[in-house]
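Asks: Top to bottom, those sequences are chains A and B.
Using our numbering, read the first sequence as starting at 118 and increasing by one per residue.
Using our numbering, read the second sequence as starting at 630 and increasing by one per residue.
If you are wondering where the hints come from, they were derived from the structure by calculation, not from laboratory data.
Cβ coordinates follow ideal geometry from the N, Cα and C atoms, glycine included.
A few of these clues could be false.
[Said to hold, decoys possible] Residues of chain B placed beyond 12 Å of chain A at every Cβ, according to the derived structure: (1) Tyr638; (2) Ala699; (3) Leu707; (4) Ile729; (5) Ile735; (6) Val788; (7) Asp895; (8) Ala900.
[Claimed, not checked] A partial selection of chain B residues facing chain A, derived with a Cβ cut-off under 7 Å: (9) Val794; (10) Arg800; (11) Ala804; (12) Asn805; (13) Ala808; (14) Arg810; (15) Leu811; (16) Cys812; (17) Gly813; (18) Ile814; (19) Asn815.
[What the hints assert, rightly or not] Looking from chain B toward chain A, a few residues come up when the C-beta cut is under 8 Å (computed): (20) Arg797; (21) Ser798; (22) Ala801; (23) Val807.
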Amino acid sequence: MLRIRNLHAGYENLLVIKGASLHVNPGEIVTIIGANGAGKTTLLQTLAGLVRPREGEISFDKTSITALPAERIVGMGCVLVPEGRQVFGTLTVEENLFLGSYSRRRSLPREEYRRELGDVYRLFPRLEERSGQLAGTLSGGEQQMLAIGRALMAGPRLIMLDEPSMGLAPIIVKTIFEVLARLRDMGKTILLVEQNAKAALRIADRGYVMETGQIILEESAAELLNNKDVQRAYLGKEYKSIADLGEQGERQ
Amino acid sequence: MTFEHVLQYLLAGITIGSIYAIVAIGFNIIYNTTGIINFAQGEFLMVGAMTAVTFSRLVPLPLAIAIGIAVTVAVGVLIDFVFIRNLKKPTVLNMIIVTIGLSIIIREVALHVWDEKVRSLPYFTGDEISSINILGAYISPQALWVLGICATMVVLLNVFFKYSVMGRSMRACSANPVAARLCGINTKNMVTMSFVLSAAIGALAGCVMSPITQTQYDCGTSLAIKGFTVAILGGLGNSTGAIIGGLIVGILEEFSISVMPLAYKDAIAIAILLLIMFFRPSGLFGKQEVSALKEF
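Let the hints inform the model, and build the full structure from the sequences given.
Replies: Next up, the structure:
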């Protein structure tokens, strides 16, 4: 569905992505894990068209989207939920969701729009309760739900999420990841970038490990979870995390 | 002061106040899309009125006004295409300074095209001596044109921004340009659209007020200051606030004539601007929660 070959991208004098290649198959949840500054966010921004690639090839559904601007890529069914939510703070929740469907404003019949809005509200009942409220006054978790809901309103086949769990309470993180699993069951394809590598690998089918602008490892999510290097670098295993102690406690 | 006097000042204040309100709404439209203050807004009124005056000798008045609006819209689009779109670092501050520079350029060009003479459009209906008696006070029919056109514009704009796809996406661009692009909104086109809209209503306001206040190459500056005061007073971006703010400033100005020398009239707006900045920077009707979410 999405295929990236030898991608180079960055900002003015700074090359961040240095020859990344990866692919996402239809119906998969693929996650990219890596340390801060590895280039994960830049990679997603390049895929979404916010950053122009310098070299390499991006194709979506066998069509090249390498040089397309962001506003065109959404219309093709490839949507980004950006880092830090980025909701329209001065607009209401419902207006935010309405604008999510902007790329389909000419092709989407009214009843269909209503139905999809209902779907989003069923996925996030909290948003329906607050549909008339300004998005900027929502809590962080609600804003993240809104950002995902807004992306869904674009009718995407591929959803890319940048750090959806950032700065959220564990209970909200759990809800968000449950929704992602449900979206996969509904036939959406998901590319997920996460700091919370453990949670991401648990719902993902495959994973890539990114380091200093390059993909250094690709494996199934289960294998990555068991990979010693990954455990040490990204899952915090050597420190005997609280979760592990808890598991031992249960065994005893 | 007799009742008739009070009413007379009140009517005059409402008329001039609604012009200020329209200038303020012009500020608001561009502010709502880009987050910047377009200090060339006053020049839109001047260009619209001057062009209409020139053409009114050749073609019927409505057509002349239409040409005035069209020329002003062209100027607005030109500003966007040549300057705003191509800014290397399109920060809010940079764009505001560009508009200040442009207002000076437009004024100087107007001086060369039209010279420094004061002109005015003919009255839309009646002439300078026809007046309507309202409870002992006299109001020019042109004042009714001003009020009617301003009220219509306000209603239409409110509907446009609240309910239309384009109006909503223009607000989205203001709230978060990157997220707007991720929704598929072409933000640059929305900025162009906001310049078109605000140039058009500026030009229309310039035409409708021209018979009363007269038009000169540099009349945009003071209008811009008054309009800016009104926009701040009503809460930037809030068009209902702009109406009420406009009426307040207009009425206070007119009443000031009865207690102060005429020369101090223009100081009223500045005084209000300072007071607002000290005591309520979000404006009378700016929601505090909204202004907390905006850059300024």
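Asks: Now look at each hint and say whether the structure bears it out.
Replies: Status of the hints after comparison with the structure:
1. Tyr638: Non-interface label on Tyr638/B holds, nearest chain A Cβ at 37 Å vs cutoff 12 Å.
2. Ala699: 28 Å, holds
3. Leu707: The assertion about Leu707/B holds, with a minimum of 23 Å to chain A.
4. Ile729: 26 Å, holds
5. Ile735: Holds, because the least Cβ-Cβ distance between Ile735/B and chain A comes to about 31 Å, which exceeds 12 Å.
6. Val788: 14 Å, holds
7. Asp895: Per Cβ check, Asp895/B is outside 12 Å of chain A; nearest 33 Å; holds.
8. Ala900: 30 Å, holds
9. Val794: 5 Å, holds
10. Arg800: Constraint on Arg800/B satisfied, holds at 6 Å.
11. Ala804: OK, holds: Ala804/B within 7 Å of chain A, min 4 Å.
12. Asn805: At 5 Å from the nearest chain A Cβ, Asn805/B passes the 7 Å test, so the hint holds.
13. Ala808: 4 Å, holds
14. Arg810: Since chain A brings a Cβ to about 4 Å from Arg810/B, closer than 7 Å, the hint holds.
15. Leu811: Holds. Min distance 5 Å.
16. Cys812: Holds, about 5 Å.
17. Gly813: 3 Å, holds
18. Ile814: 6 Å, holds
19. Asn815: Hint holds; Asn815/B Cβ to chain A Cβ min 5 Å, cut 7 Å.
20. Arg797: 6 Å, holds
21. Ser798: 6 Å, holds
22. Ala801: With a closest approach of 5 Å, the Ala801/B hint holds.
23. Val807: 6 Å, holds
When each numbered hint is compared with the structure, no violation occurs for any of them.
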